[in-house]
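Asks: Okay, here's what each chain looks like letter by letter:
Protein chains: 2
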Amino acid sequence: MSLLVVGSVAFDSIETPDGSADRVLGGSASYFSYVASFFTKPRLVGVVGEDFPEQNRHLLEARGVDMTGLTTQPGKTFYWKGRYHQDMNTRDTLEVQLNVFGTFDPVLPESFRDSKHIFLANAAPSVQAKVLDQVTAPSLVVADTMDLWIEIAKPDLLALLPRLDGLSINDSEAKLLTGESNLVRAGHAVRRMGPKFVLLKKGEHGAILFSEEGTFVVPAFPSPDVLDPTGAGDSFAGGVMGYLATRPEVVPGHPEWGTQLRRAMAYGTVIASMTVEGFGLDRLTRTSRQEIDSRLEAYRHMLSL
Amino acid sequence: MSLLVVGSVAFDSIETPDGSADRVLGGSASYFSYVASFFTKPRLVGVVGEDFPEQNRHLLEARGVDMTGLTTQPGKTFYWKGRYHQDMNTRDTLEVQLNVFGTFDPVLPESFRDSKHIFLANAAPSVQAKVLDQVTAPSLVVADTMDLWIEIAKPDLLALLPRLDGLSINDSEAKLLTGESNLVRAGHAVRRMGPKFVLLKKGEHGAILFSEEGTFVVPAFPSPDVLDPTGAGDSFAGGVMGYLATRPEVVPGHPEWGTQLRRAMAYGTVIASMTVEGFGLDRLTRTSRQEIDSRLEAYRHMLSL
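Heads up: the protein sequence lines correspond to chains A and B, in order.
Heads up: the first sequence is residues 0 to 304, going by numbering that gives the first Met the number 0.
Heads up: the second sequence is residues 0 to 304, going by numbering that gives the first Met the number 0.
Read the hints as simulated data drawn from the structure, not as lab findings.
Glycine included, each C-beta is placed from N, C-alpha and C at the ideal position.
Some clues are possibly wrong.
Stretch by stretch, here's where chain A covers chain B in the computed footprint (C-beta under 8 Å, at least three residues) [claimed, not checked]: (1) 172-184; (2) 228-240.
Using 16 Å as the maximum straight-line C-alpha spacing, the simulated EDC-like pairs for lysine to aspartate or glutamate come out as follows [claimed, not checked]: (3) A:K40 x A:E60; (4) B:K201 x A:E276; (5) B:K115 x B:D155; (6) A:K129 x A:D155; (7) A:K129 x A:D104; (8) A:K201 x B:D65.
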């Protein structure tokens, strides 16, 4: 079990119609590793500034996250401020200060290079490729991306895709990348660009998996208590990869792969539904593997036909 | 098995990014009854004008639809013309001619008054109530509605809701009716207004069922071949009610009710996914109960966790 995540660690200021949070711990690697810690002891690579408080580091360390790869650089930590609209599905970015993350050039600690499960959180595809170059023998590589890279670094992204087992991408990005307006066609088209499977995320509507084993629908867990959608996608990925890392021998080609991946997506779904029930990581700090498993059972029941 | 639908029979002219259809048979009662005919012999009540061609009537009659309740009045048939946007989720109404449907005052043939399963397709709630008054002993009543009635006839709608077993309503309408911005809260709030269960439709994302037995998610079948979304909602309802009518003794309160309703929604989902694969009723005229059952199996597989 050696799950590596490389991504952002940030301060988020969040406004929603129902409340707000100021400078709480955020960033893709924070959400991902916190969630994955319910299954394994993830390794985190990221960068923060001198303003990053010890208590944030402790929050992740206390969950068993290996923080050897979190470096502190002169300057300030990545800062994002956003405001969600009434429907919670759309948001405006009010402020972005990349700070030390703007020149993030991840160098893996020697002890991380043997990692088997790799999650390349959203970053420039060239940076994601450099991370991959530093891993000696990965067995399952999944990356996330965003519209910005499709627009300004498409050749780099296209070069990265065949090196991936899985790509996590949202609906509008998949359409942008492929030029397909039908979501199902877009998902298949992304897969033809290289990754063995595509996790197509649809926000509050869940996700669709496109894989060699077929197409699978993964509806969201319908929570009545959505407070802050920030981090839902990275929590989903953290649940998927965290669960997969518990059976490291089950990779594409293994007879149990299809079943295992679907079970992993169910975990990702229910944990993401918890993340959004609080601001930042708050709700996750108040859950347990037992509650997660119990929500997983409720989810299975909701889907029974 | 006596399933009654009261609703519109229309000519639709449809434009999509990939094609168009001119004056094809449409309307809620047409889609509903055609779909339901794969399970039972539905009874249709509606009105058309003198321009309604015999071949349209035959299309439904040949499927076993009882057309005793389709009256012809002086004037023209209801006409709708619409254009779908690139994403197929939104559309503009280009033209509406209510014609004879504008004064639709449904009178049930004597032979229809003993109907047990009733679907009140979208119409003014006062008209829906008058239909219900004419049925002697219904065992399951489901109605559809739309934003227009919430805006101009809310008191009538609120008076109708407690008389229903089920209400079919889409996401934005549920939010409008309840003032809730969270879809799950909105669904529960609609149910508190009277109906025993609420089918909350989310277009290409499927539906959520709110019922005494709990909340169930019903994702859409991911079709790569969406040509024309017209009629998807009424097809869904036709599949649900058609299947339910095959076991008329299973109504709310019956021990098998929850299971049966979920199975019915699965049928509604896969049939709706076929409807949208052609213009108007075209795709449905080329399917069979066997193909429907085979897609149902594919759907179950796609949802297996």
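Asks: Each of the hints needs a verdict: does it hold here or not?
Replies: Here is what the structure says about each hint:
no., hint, verdict
1, 172-184, "holds (count 5)"
2, 228-240, "violated (count 0)"
3, A:K40 x A:E60, "10 Å, holds"
4, B:K201 x A:E276, "22 Å, violated"
5, B:K115 x B:D155, "23 Å, violated"
6, A:K129 x A:D155, "11 Å, holds"
7, A:K129 x A:D104, "9 Å, holds"
8, A:K201 x B:D65, "42 Å, violated"
Hint compliance for this structure: hints 2, 4, 5 and 8 are not met, and every other hint is.
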